[in-house]
Every structure is written in C-alpha cells, then in structure tokens.
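We have chain U already, so just place chain A with the ligands on it with the hints.
Spelled out, the chains give:
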Amino acid sequence: MSAVAETPASSGGQPKVTKINEAVIRLAGNSQDGIQAIGGFLARLAGRSEQEVMTFMTIPSTISGGPSIFQVRIGSGEVLTAGDEADMLLAFYQHSYEGHINSLKLGGIVLYDSDHVTPKPEWQENYRHVGVPISSLTVEAIGGTGRDKGKNIYVLGLLAKIYDLEVAKLKKLITERFGGKDASVLNNANACFDAGYNHSLENLLKSYQFYAAQNKVGTQVVMNGNEAIAYGLLAAGVRFGAGYPITPWSDIMELLRKELPKYGGTFVQCEDEIASVSMAIGASWGGRVAVTGSSGPGISLKTEAIGWASMAEMPLVVIDVQRGGPSTGMPTNIEQSDLNIATFGGHGDSPRVVIAPSSVEDCFYTAIEAVNIARKFSTPVILLTDQGIATRIEAFPEPKLQEICQDLTPDLSPVPDHKPYDLAAPGGVTRHLAPGTRVASGKYPVVTGLEHDELGHPTGSPKLHVNMTAKRRNKLRTLANEIPLPTTYGPNEGHVLLVGWGSTQGPLREAVDKARSLGEPISALHLKYINPLPNGLEKIFRGFHRIFVVELNDEGLYGYGQLGAVLRARYADPRIQGITKVDGLTWKVKEILDRVRAQAQPPTA
Amino acid sequence: MSAITFPFATLPRTGNIPLTPVPPIADADRKPLTKKEISADHPTWCPGCGDFSVLALYFKLIERRKMWHEKITTVAGIGCSSRFPYFVQGHGAHFIHGRALPFASGVSLSRPDLHVFVFGGDGDAFSIGGNHFTHTARKNIKLTYVVMDNQVYGLTKNQTSPTSPLGYKSKTDVWGSGDRPINPIKQAIAAGATFVARTSAMTPNHVLATMEAAMDHDGFSFIQCLSECVEFHPGAFDAAIPRKGGVFNEVPKEHDVTDEYAAYKLADVPWPGQFGIFYKTTRPTKNGNEAKIIADHRAKVGDAADWQILQKNFDRMK
Ligand SMILES: Cc1ncc(C[n+]2csc(CCOP(=O)(O)OP(=O)(O)O)c2C)c(N)n1
Ligand code: SF4
Ligand SMILES: [Mg+2]
Chain U
1 MSAVAETPAS
11 SGGQPKVTKI
21 NEAVIRLAGN
31 SQDGIQAIGG
41 FLARLAGRSE
51 QEVMTFMTIP
61 STISGGPSIF
71 QVRIGSGEVL
81 TAGDEADMLL
91 AFYQHSYEGH
101 INSLKLGGIV
111 LYDSDHVTPK
121 PEWQENYRHV
131 GVPISSLTVE
141 AIGGTGRDKG
151 KNIYVLGLLA
161 KIYDLEVAKL
171 KKLITERFGG
181 KDASVLNNAN
191 ACFDAGYNHS
201 LENLLKSYQF
211 YAAQNKVGTQ
221 VVMNGNEAIA
231 YGLLAAGVRF
241 GAGYPITPWS
251 DIMELLRKEL
261 PKYGGTFVQC
271 EDEIASVSMA
281 IGASWGGRVA
291 VTGSSGPGIS
301 LKTEAIGWAS
311 MAEMPLVVID
321 VQRGGPSTGM
331 PTNIEQSDLN
341 IATFGGHGDS
351 PRVVIAPSSV
361 EDCFYTAIEA
371 VNIARKFSTP
381 VILLTDQGIA
391 TRIEAFPEPK
401 LQEICQDLTP
411 DLSPVPDHKP
421 YDLAAPGGVT
431 RHLAPGTRVA
441 SGKYPVVTGL
451 EHDELGHPTG
461 SPKLHVNMTA
471 KRRNKLRTLA
481 NEIPLPTTYG
491 PNEGHVLLVG
501 WGSTQGPLRE
511 AVDKARSLGE
521 PISALHLKYI
531 NPLPNGLEKI
541 FRGFHRIFVV
551 ELNDEGLYGY
561 GQLGAVLRAR
571 YADPRIQGIT
581 KVDGLTWKVK
591 EILDRVRAQA
601 QPPTA
Chain A
1 MSAITFPFAT
11 LPRTGNIPLT
21 PVPPIADADR
31 KPLTKKEISA
41 DHPTWCPGCG
51 DFSVLALYFK
61 LIERRKMWHE
71 KITTVAGIGC
81 SSRFPYFVQG
91 HGAHFIHGRA
101 LPFASGVSLS
111 RPDLHVFVFG
121 GDGDAFSIGG
131 NHFTHTARKN
141 IKLTYVVMDN
151 QVYGLTKNQT
161 SPTSPLGYKS
171 KTDVWGSGDR
181 PINPIKQAIA
191 AGATFVARTS
201 AMTPNHVLAT
211 MEAAMDHDGF
221 SFIQCLSECV
231 EFHPGAFDAA
241 IPRKGGVFNE
251 VPKEHDVTDE
261 YAAYKLADVP
271 WPGQFGIFYK
281 TTRPTKNGNE
291 AKIIADHRAK
301 VGDAADWQIL
311 QKNFDRMK
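Protein sequence lines, in the order shown, are assigned to chains U and A. Read in order, the letters of the first sequence correspond to residues 1 to 605 in the numbering used here. Read in order, the letters of the second sequence correspond to residues 1 to 318 in the numbering used here.
Looking at chain A on its own, in the form it has when it is part of the complex:
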C-alpha cells in the first residue's frame, strides 16, 4: 500500500505557470545579455565594500563570455560575500555556512553541461569549510571558487577570521589575535588544487583576467581575492593598493606555474605578497575520472535498458 503510485517518472511542473510552451531559440538568434539583465537584487553590502567590485567583474565575465542566463550557476555559503547569488540574475543557490563546495561539487559532478561558480568568505572557506576546501581540491572537481578574503568575519560583525593577521583586534580578540593566520595559497597548493591564483578587488582588470583563466581551467580553480571590509577591517589591503601608496606586485613573468615548490615559495613572499597565477597544472579531474568509469561500464552493458541492467542483478539473486 503506497501513497504514491509508480512508475512516476514525469511530474507536471507546478506553480501558476501558464502551460503555454516556450519556443526554443537558437543561440544565434539571441542577443548577448546586458548588465541590467544580469543583475538581480541591489546588493545589501555596505557602501564601499570590496565585494561590489567582485560582483561587477562577474557580470563583466558573463558579458564577455556571452553566457546565457540559464547557464549562469552561482552557489554560495553564508557570509556577507556569500550573498552573491541574490544579486545575479541566473540560477542561484544560497546554501549553509561552510558547505558551498560540497553542494557545488554535487552540481558539477551531475551536470557536466554547467560551469559552477562558487563565491564566499574567508571564514566560510577556511574555518567552518576548511575540510571541504581540502577535499574538493584533492578531488580536483571542476568548478571555480572565488574566496572574497576580507580577513574578518563581516556578517557576524567583526570576529577574528582564519586569515586575520596576527595582532588583529576583533570582538573575540580584543587584545589582538594570537593565532597564526592561514595562507590560503599554500593551503590550496598543499591540498592539491590545480589552479591557484591571488588577486585583489581593487585591481579590476586583474580580477577579470584571473576569473576568466579560472573558468577555462579544467579542474578545481581557486582564487583568493582580497576584498576590503570597509566596516570592520578598513585599510587592511592598503599596502597592495598603489593609489594608497602600496605596491601591487604581479607574479614574475619567469615563474613556472607548473612548479609546485616555486609556487609554494612565492606564496611565502611577505605581505602584501604577489598577485597572479601561482600554480596551474593538469591532473585528472573527478569529473573526468567518473566519466571514464561510467563510459567503461556503459560499454559493458551495451544498449541494455536500465531495467534490464537491474534484471541481471535480480537474476543472480534467485
């Protein structure tokens, strides 16, 4: 006795959607999206927050790459930066704190036709989500992860984050933080990420170029993007902003991005460090490995229907 009868493969769509089918349109007949069409809610960030610039550059990327609305797939965890999906007109998911990467991995592995972008904060990425960061990197799951690093917990209003510098005074370290900050670049390389880059929201062209390279990378692409929290950690990145007297040192041209040790060393250059692609290599992706396992198995089952494959197992249990 079941509440739901089966087979039950097709379900009508719900909601008050008129049932008139929408005719398909050929890509050639579509006009590229305008910035207005890509933007959704007005961001809730504080005026001057570095995250605005990251959002604007994501829009630019979508325009430049002529991505269609339905292909825009934006995932985030929880934090100021993680509010990202609401501001983008496309399919979005605002998941729970720290777990955006496994969520996005589920999308990436089950929907090879989509490129998933994940946005989030330093706490989301390296504290509560630290273990997921390690494992998504080692599995080399094809997606792009942009961590908007403000070296503080913004949304919860100024507690120490895993990237807060030593001596940083927050509500939870009123005398200054004594915990050694994480170096996201080293963390990513050690975990096995295959694309590791560093940029800063204050240098728009650099952000855009880095995001574009990340998107084209076949594997887990990670970008640490310094993004200032003007509310709680103002001036944190002045040392990297030339117009504020800082220096924006790009990764030297002669750096070999496939040299893991050189990349690791480069990541140790003292603050404000260097910007650009530190490490980039090709290694089989989880997506690719699974696709191969599937192809091998599919070749063996031939053109058997799903029920026939299952029937074979059942025949063995008689």
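Looking at chain U on its own, in the form it has when it is part of the complex:
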C-alpha cells in the first residue's frame, strides 16, 4: 500500500484518510466461504473504476472444501502481478491467520474474525491486529438464522469502508449477482453488506482512498484467463469443440458448452481425451477449425492424434491449461512444464505450432490468433496457458467485438482441381478442402497419416518422404518469417536479460522495474511464439552479458528449464542460463531478483 499523502479528515473525530496508489489484499479462509466471490467483486469494481487489477487464488483440489485464498491487487497505475506481499490479510480462521501471516508486509493489517481467531501476542508488534466478530455479526445481520453464510459479503462491506470504495457501484454488482434469485437472497446480501459497512472501526483509526486511475483506459471488462480463452475462440468463429473434464481446463469446456449453441455451434463431452481430439479433428476436416483441450494427463493422451493432424496437415486448436506434473501431479497448482510435450510430444518429426499468452487479455487475442494460424497454415496449434492465468482475474480494455468477430463458414464452392499436399505450394503452405466440395477433375483428396503423395495417396517413396517432411517443416519456417521480433521490456542493452514465456510476464516486468529503480541494468524479453521461435533473437541477446530464462519448471538433468534448453540448442550460446522452480506457486518479484543477483555474480575464487 504505497501511501503517498496523509490528509487530515475534514470533520473532527473521523479517522484520517490516507491516499494510496494500490493495495494488496489477501483473503484467507475455506473454499466454501465465498472468498472468491469477494475477490471477484473487488476485481470487477476496480475494472469499472478504470483501475488496474490482478488477482491470484488457490483452491483446494479436494471437493469437500479446505483452505483457500484469494489475493487481489488493485492499483491506480499499472498492475503487473498480484503482489509479493499483502497490505492486508483477512483471516477467517486460526489456520488462515497462522498460515498466511508471513505473506503480510511488516506493519500490515490483519483483519481477523474474532469468533474463530485468537491472535498471537508475539505477532502483535509487527502487524496491526484488528478483530471483528465477523461470523456472529453476519448471523445477527440476517436475522439470527444461525448460519454465517454471507460473511463474505459482510467482509466486502468492511473493506468498502476501509478503502472508501464506491458503495453505489458495489451495490449494483451485488444486485447483478444476486438479483435474479429469490428476493430474500438479495435482501440478505444487502443486509450483510450494510452491517459490514456500518461496523465501527474506531480501533483501526485510518482509512484509505485510492488515487483516481492514472491512465484512463476507457471501458474495461473483467474476467479470468479461462473465460478469455473461451470467448476468444467464440470471437474467432470456432463453432465446434470436444473435450473431457480435467482441472483447470474444465471451465473452458463448460463455458463453450453453454455458449456455443447461441452461435449455432456444439461442444461435445467425450468418453476420453483421445475421442475428444479425434472428434475435433473430424470437425476440422468438416471445414471449420475446431477446438479441444485438456491439462497434462489429457494432453499425453492426445499426442497420437495431434501427430496425425501434423502429418495430415489438418487445422486444429488444442488448449493446454498446464498444471503441476507429471502424471496427476498437482492439479490446482501452477507450472510451465508442458512446453516439451507441446513442442516435441509426438513420435516422428511432427512439427506443430505452440503459442503462449502472457496475460488474461492476451488469452483472448491469442485464442483468435491460434485459430487463424491453424487455418492459414493447416496445422495443429497448441495454446499453452496455465493454472495461474486460468484462474486469475484481470481487467482489460473492452475488445471491439464488431471488428474482431470472424465468420468461418466453410467455402464449399467447386474447384477445378485440388492437391491437399501440393509440393510446389509457396512456402509449403497448402489448405484443406472440406468434404462436400466438388472437384471438377473428378480426383478427390484423401487426408491421411500415412506418408503420401500430393493427392494424399500412400507412398513408400523415400523421395516423397523427404520432400513431404520438408514441406511440413518449411511451412512453420514460413510462419516464423511472419512472426514479429519481440521487443525488450526495459532498454535493449544491459547486463542481464530475463527471458520468459506465458503467464510469468507480469512478475518479470515488475522485477525489471524494481531492479532499474535500484540502478541495476536488467531488462526482460517475453516470448509468445514458442514453436516456431521468432527469427533474430540472437540480435537481442547480443545486447546483454547474461541471459536468464525464467520458467516454472525443473532445471532438468543439464541445468536448464524447458525453454532454456530449446534456446541453448538453437543459439548454442553459453550465456543462456536457467532460473527455474517447481514449488507450484507464481514467481515473487523478490524471488526472481534474489536468484538473478546470486547467479549473475561471477563465482568468487
């Protein structure tokens, strides 16, 4: 909470108001307490106030509940991460209090439910403790039904008071959320909110007020990464999908299942991931690029069919919402360890495109891009997102949907002739012809996983295998030529270059800002195109003495993470080193900088 100015309050006896740029609030409780809902309300309020916002949450993988947290960072300026340390911890239980006190800044505020939490004397000195009997006051507010359901909304009221949030906007959000139901639900929610808002916080003494948003971004939408991907696919014109449930991919398929029929489309829940990828490929063959998706274990099952799509040159979009692996691994934790299976997870030489969005907003646009690359290059495209980005909520400028939305109705007008695998096609790029299309020559294409001639008929010819393998590879090189060279965050020359991909863009950028403010010449480079890589990265690398590839995966046998190993192989540049971890948590800015500082020092003799 970067306090900037302290203004004496206008009327006497009122607590002082401190103007702040941003606040990091961590809500800790159990999964059934609805803390995600408070976080969601705060995030959407920030979005409506044109503030930047980012959230982070953990949910237990067990269904019966368990400890859960939601952290939200709201800022009047740019917000890149959900924050290393919280300004305020809201603890519902003793375990929430004891388990998360370490995430609080020194001097930060613990707001605890005094019905459940007994504060520890030894912590009183370092953190300001404020107890409110949240549970009993909630019960009281809704008329003593004996149930504390609604304490999340009570807490929202408390926070609204402390942070001087716009009550009218919050009430509108509450009405939108609970309005459709039984009137008593909305009444209870309002009662809880008012009780929280009116609770006297004399012992807290201070309240805070956000500065007005710095960069007026205009209308914003607030959603999580999974939603952004699903909506991006809809905007792109995808009208068929198939999948099998697995955390954290299920949200995408559930949303598509609900939404697609409005657009005349269908999503099928299949018997397994092999069936889903196969069904999506079948629909793609039908003429309109289709989507399937999963997380680690399901991606393993899909690999044979993805290889077929590479061989048969069939457009396909595969969403991989990465989680901790291998095997069932850590289903509700973040990890970036599927880069290898996405890029190399096929037998034989089976080139495919791999791209990774870096923010929630980027999820939306990358989904559209994945669809268009798949169509233009007739290739499977794997979109690598992760558990972190899937569940975090961000606000971003509302996309211009009218301009963006695509109509991908297949073109079935007759053609004179067609070679699905024309070797003379420029750049190796050929396009699929949907069934139902008349070919005047009377020679019809077969799509196949056997090595084939230009019409798709099987061949054992060594020459054709050589040429077709080259065709499949070259069309990805053609794509590489079209990919823009990314620019560095921070100057393009310096001591250290941090290279990242996917959801770690925020922490890397914040690390650069922090380091630069301390005079350390660090910049960051973020790669969205993993396979193929953009051409010309070596020119950027040349501007730095040390290059650290920062990833959430293991350092591997030879000391590099998965992207690190690819970059080492491509550039044979010994300055490329890895900074990796697999603790299932997002990067903290401090963690990155500590590692950089330790590794960037030349070893002392």
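Source of the hints: derived by calculation from the structure; they are not laboratory data. Wrong hints could be hidden among the right ones.
[To be verified] A short list of chain U residues far from chain A (calculated; beta carbon distances all over 10 Å):
| id | residue |
| --- | --- |
| 1 | Asn21 |
| 2 | Leu186 |
| 3 | Ser327 |
| 4 | Asn467 |
| 5 | Arg473 |
| 6 | Pro491 |
| 7 | Leu593 |
| 8 | Gln601 |
[Stated by the list, open to error] Stretches of chain U that chain A covers, calculated by requiring three or more beta carbons in the stretch to come under 8 Å of a beta carbon on chain A:
| id | stretch |
| --- | --- |
| 9 | 232–243 |
| 10 | 268–278 |
| 11 | 414–421 |
| 12 | 444–458 |
Note that beta-carbon positions come from the ideal geometry of N, C-alpha and C, so glycine has one too.
Chain A with the ligands only, in chain U's frame:
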C-alpha cells in the same frame, strides 16, 4: 503484437489451383457416376480377400443411390480393411488406429449435409476402439459403421483379435486363444446402437440391402460384415457359405426388430449364427438433440449477429 492480423475470415485456397471459378451444375444436368469414376487406387488387399467384395458393394450403393462425388464421405482407422478410403473416389480420411468413430462423429455433428460411412476391422472396432464404439452407440450419432470382421489382425500379420474364436492359433496365441471372443451384435445392442445388423461379404445382395437400410437409418447404424482374411484366417466363415457346404440363415421373418431382448437372444444363436437386421429402433440422435438445443438458443438470440451475442456477455463483465 500478432503474427496474424485479424479479422481474418476468408483465406484464399492454396495449391496451384487455377483461379478460374468452376460453374455450378444442377443435379438434373449431372450424369450418375460410373463404377470407374467412383474407384480410385487399385486395392492393395491380397487376392481373394473378402474386403474386395465390401468395396464393390459400396460402389454399387453409391451408384444405386446416385450419390455425387463430393458427398461421398469415407472415414477409416487403421488395418487392412481400414485402407478403404484410398480406393474410393470421394472425400476420404484415413485416421489413426481405433479412433475412426470419434473422428466421424465430429464430421457428422458438424456437417449434417453429409452421410458419413466408416469402415474398419474388428481390432480397430472392438479392441483399441472398444470404448469409442460403446459411446458412439449410446450417443446415437448419425453415421454408418461397417466392421469388416475377419476375426484376426490382418495388417499386422496374424495376431489374435477380440473376435477370434476360442482356440484360434495366432502368432500371439500359438497354443490357441483362450480369451472369450466378443459378440459384436450383443455388444452393439447393449451399448445402445439403434440399428444392428450382421451380414457376410460372401452374400453380395445381402450386404448391399443391409448397407442401404443402414444408410437410411436415422442414428448410429452398425453392420458386422464377415469378411474373410484368406491370408491368415482362411476358411473362417465356410460354415456360413452355402457353396462351401455351410448355411446362411437369415433372421426369421417373424423376428420383431424393435424387441431388444429378442435381438439379444438371436445374437446368441451358435456359430455361424444368423444374418440380417437384429435390432432397429428410433431414439433421439445426438445430431437431433444438439440441433434442438441450437434451435432453442437461436430462437432466444433472435437475429442478433454473432458479435452482438458475445457483446451481451461482455456487457455483463464490465
Ligand atoms: C496405436 C497403434 N497401435 C498399433 C498399431 C498397429 N496395428 C495396425 S492395424 C492393427 C490391427 C488391425 O486389425 P483389424 O482392426 O482387425 O484390421 P484388419 O487388418 O484385420 O482388417 C494394429 C494392431 C497401430 N497402427 N497403431
Ligand atoms: S492380410 Fe488378410 S485381411 Fe489383409 S488384405 Fe490380406 S487377406 Fe485381406
Ligand atoms: Mg481384423
């Protein structure tokens, strides 16, 4: 920063196709396809393989039903029998082992204007693809599935298949198979298939009539077609071939094809069993169910453009 700019709805077709547009022709002005026009590659099957006859009858069906080239949609997995699409002049897909049904389901559900035929072997259907068989049947997806059952793995050269009879000597059961063979008809009925028939490649008219009935069925139509592998399992079906001294017993006229239990019982008649339609019923198809869900939703959105439908969701996230 994107490699691909959007919107990006229309892409030119690729390949060295001259850009001269092809004029449309009215169906009335088209001549029915000849057998020569329907056949593509010369089949790679061993001389005498039962699959030749199935292919010839598929051609006959196309001729008889006056199907146009572009509507011929043939899908297969992997196996000798699954090579089918290469031999047919029409849109074809040769997918991976065991997964032809989900692939074909994707085509069927997204392209209601096409009738998809799927051809494959017993291993493809009941071993590696066993689960897909069950689920395609229960979803009642509109397509026709012809399993060319030779009771052996042909392409991989004589291993036991899920329909190999007890005692069958293969390279993987040199002492004779001890695993109880699957009864495809019972399997199909139990899974919820709505058209279940059995035929034999040695009785061409029966095959043709069965395929035609299957094609006209609104739902998942399954045909078990005995088709001899002369290379590895010769004589397997002699007991069902009259000119080899066997009997080709057709399903009794009085059999009620809508009676599931009667059909199940009939499927238990000892080898060589009976031939014909065992079970046929009408049940909503997945295609129909989805079309209804879509129609209901479309009625609600009215004439809103796609972007306007999406805009509504975005408005709620502000
Ligand atoms: C995943 C996978 N496993 C194994 C194979 C090897 N394979 C090809 S065809 C086949 C069995 C074919 O038997 P069937 O389906 O009965 O067809 P048939 O050749 O008898 O017509 C096998 C095991 C393969 N192609 N793919
Ligand atoms: S091996 Fe058997 S099934 Fe395969 S082509 Fe030869 S005879 Fe037919
Ligand atoms: Mg077989």
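A quick look at each hint next to the structure:
1. Asn21: holds (23 Å)
2. Leu186: Leu186 of chain U clear of chain A: closest Cβ-Cβ about 17 Å, beyond 10 Å.
3. Ser327: Holds, because the least Cβ-Cβ distance between Ser327 of chain U and chain A comes to about 21 Å, which exceeds 10 Å.
4. Asn467: Asn467 of chain U is indeed farther than 10 Å from all Cβ atoms of chain A, at 15 Å.
5. Arg473: Non-interface label stands for Arg473 of chain U: nearest chain A Cβ at 17 Å, farther than 10 Å.
6. Pro491: holds (19 Å)
7. Leu593: holds (26 Å)
8. Gln601: holds (34 Å)
9. 232–243: holds (count 7)
10. 268–278: Answer holds; 8 residues pass the 8 Å Cβ test.
11. 414–421: holds (count 7)
12. 444–458: holds (count 10)
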